[in-house]
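Undergrad: Once you've looked at the hints, dock chain B against the given chain A.
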Amino acid sequence: MPISLHTPFETTDLLPLKSGDQVTISGIIYTARDTAHKKMTQLLEEGKELPLPIQGAVIYYAGPCPTPPGKIIGSVGPTTSGRMDSYTPAMIQAGLKGMIGKGKRSLEVQRACQEQKAVYFATIGGAAALMAGCVKSARVIAYPELGAEAIYELEVENLPAVVVDDCYGNDLYERQDQLSSPS
Amino acid sequence: MIKTIHCNEIIQAVADLCLQANLELPRDVQNAIEKAKNKEQCALAKEMLEQIQKNHSIAKEQSLPLCQDTGTAVVFLEIGQDVHIDGGLLYDAIQQGVAQGYQEHYLRKSIVSHPWLRTNTKNNTPAIIHSEIVAGDHLKITLAPKGGGAENMSSLKMLTPAAGVEGIKKFVIQTVKEAGPNPCPPIVVGVGIGGNFEKSALLAKKALLRPIGSRNPQEENARLEEELYQKINALGIGIQGFGGNTTALAVHVETYPCHIASMPVAVNINCHVARHKTVIL
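Protein chains in written order, with the numbering used here: chain A, 1 to 183; chain B, 1 to 281.
There may be inaccurate statements among the hints.
Said to hold, decoys possible - Below, computed lysine-lysine pairings styled on DSS-like, alpha-carbon distance capped at 30 angstroms:
1. B:K39 to B:K231
2. B:K277 to A:K71
3. A:K71 to B:K60
4. B:K177 to A:K18
Derived by calculation from the structure, the hints in this document are not laboratory data.
Pulled out of the complex, with its shape left as it was, chain A reads as follows (with noise of 0.2 angstroms):
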């Protein structure tokens, strides 16, 4: 049975994951991938205010298809995270406890998971339309002009994911490399 999570995230919510278990996510989550990243970096630069309540966020590295009409949301799956890497540890030194994407992450931000107790979670690249099925509601908050990159406000519900990257250092891919590496 998955572990069911419910955001917003606090550490101890977070302690009991290890690298390789699946767990469902329900709550609030936020989209956002490279141009927003960039915008919210520089406004942490500055100390200014995130679009976002960033304390126990979690944020999914997704950019929708549009909404076809009766519908709450277009397909909706997970991005490359890596290229939110060079962004990723200002945003857990704000209060970002939890990331949902696709692929590896940099040593830096799986240090600053081990550092600062937040996880990476993994979901299905290529299930988009699965996705959008746990989309229980969705608004733009920020960055209307971006399109499908503008940050939205996901109310989710047992959105499906496996943890990549926990509290304590571990790493699911790395495991897997180890484990099938010849001798």
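TA: Coordinates of chain B only, in the frame set by chain A:
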């Protein structure tokens, strides 16, 4: 006999392809995923494959794109030399069809007008068009939406003849290994060898269109496909990088004659949402 095809017919056909290609996978890709699921030993990977299949059903039922990254529209044209295009320019019609398709069908617009100035063109054009003049009086249009995540993990290297087939294998495997979980495995690997710099890349891209389960007709190439397939799947990257038996659904190799000094190798990686749809006018 010259056959006349009106631009309006082309525009509509391309707009329809944009929707169809993004909503439903070709049967051979669906079968390959089913086969991978049935032989998967790793529980987590098996569950990911089940969710991928669930995604296929939801996309179809709800008319939602399989992946939010509805890609760069890559268009392959086979133009019969006995075809006359009426009512405008062929390439304009293709671009108009892509713009119409992506706008009408709520597909994501992922194209920016300049590589670093990055203003979205808002209709997913320009499409990337590859055309070939062939015998006959037909116009064959294939639209292959290509996501950015897998495309970013692709690679090209100008090997020299001394590297031999071992050098080719090493480069292909290294490219897949470095890509790891990023291109959304299970992947399809297109390998273009020979020609020159741009020819090898195009061969690799076209290799992605071949039906999964097909083998290159040339025995040497088929053998290389099989060996690369085995070696890539032995890497253990697995479904979404979570381990297991299947990293690649298929490896397709295409070759072309090349210069005495050269041996270019291009590796184009496609995600498990290996989309393409063809229409013949």
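Undergrad: Identify every previously stated hint that the structure contradicts and give their numbers, smallest first.
TA: Every hint satisfied by this model.
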